[in-house]
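Participant: 46 is the number that full-length UniProt numbering gives to position 46 of the sequence shown; each next residue is one higher, with no gaps.
Please note: incorrect hints may appear among the correct ones.
Cβ-Cβ distance ranges computed for the label pairs, FRET-style [stated by the list, open to error]:
| id | residue 1 | residue 2 | range |
| --- | --- | --- | --- |
| 1 | 6 | 70 | 23 to 31 angstroms |
| 2 | 70 | 44 | 43 to 51 angstroms |
| 3 | 67 | 8 | 38 to 46 angstroms |
| 4 | 116 | 44 | 23 to 31 angstroms |
| 5 | 116 | 77 | 19 to 27 angstroms |
| 6 | 107 | 48 | 26 to 34 angstroms |
| 7 | 101 | 72 | 28 to 36 angstroms |
| 8 | 115 | 70 | 24 to 32 angstroms |
| 9 | 90 | 32 | 20 to 28 angstroms |
| 10 | 115 | 52 | 17 to 25 angstroms |
| 11 | 77 | 46 | 27 to 35 angstroms |
| 12 | 71 | 109 | 16 to 24 angstroms |
| 13 | 15 | 62 | 34 to 42 angstroms |
Derived from the structure by calculation, the hints contain no laboratory data.
In this text, a Cβ means the ideal position worked out from N, Cα and C, and glycines have one as well.
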Amino acid sequence: MNEERDGREIFAILDDDYARAILEATRREQLSAKALSEECGMSVSTISRRVNTLLEHDLLVERTHIDPSGHHYSEYEAQLEGVDVKLLETGFDVRVELREDAADRFTRIWDEMRKR
Numbered sequence: 001m002n003e004e005r006d007g008r009e010i011f012a013i014l015d016d017d018y019a020r021a022i023l024e025a026t027r028r029e030q031l032s033a034k035a036l037s038e039e040c041g042m043s044v045s046t047i048s049r050r051v052n053t054l055l056e057h058d059l060l061v062e063r064t065h066i067d068p069s070g071h072h073y074s075e076y077e078a079q080l081e082g083v084d085v086k087l088l089e090t091g092f093d094v095r096v097e098l099r100e101d102a103a104d105r106f107t108r109i110w111d112e113m114r115k116r
């Protein structure tokens, strides 16, 4: 899935060392905020702020799990696949490529087929 985005916002997010570290860590596996804190060497509050920004821009997805005792917790997974930047005469054209899980991809393809 390829989406056009505001280049300044994407550049600002990707310029942040903490946000990049979170994206890199969650690209390999789903991680909780506590696990991210340990993996990236950041405080949980720093993780929380960056995770919220990444979620707002769909660069990260949150998955909620319920443990055997009934408590729930969230894990995060990177959705960012790539960023394509083109320099135009009047600015930049920024397209963000997001990963899709199989179910989302099937739904999107099915919807596109039904429209034809």
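Participant: Next, verify each hint and record whether it holds.
Facilitator: Results of checking the hints against the structure:
no. : hint                         : in the structure
1   : 6 / 70: 23 to 31 angstroms   : violated (41 angstroms)
2   : 70 / 44: 43 to 51 angstroms  : violated (22 angstroms)
3   : 67 / 8: 38 to 46 angstroms   : holds (40 angstroms)
4   : 116 / 44: 23 to 31 angstroms : violated (48 angstroms)
5   : 116 / 77: 19 to 27 angstroms : violated (32 angstroms)
6   : 107 / 48: 26 to 34 angstroms : holds (30 angstroms)
7   : 101 / 72: 28 to 36 angstroms : violated (20 angstroms)
8   : 115 / 70: 24 to 32 angstroms : violated (42 angstroms)
9   : 90 / 32: 20 to 28 angstroms  : violated (43 angstroms)
10  : 115 / 52: 17 to 25 angstroms : violated (34 angstroms)
11  : 77 / 46: 27 to 35 angstroms  : violated (19 angstroms)
12  : 71 / 109: 16 to 24 angstroms : violated (37 angstroms)
13  : 15 / 62: 34 to 42 angstroms  : violated (23 angstroms)
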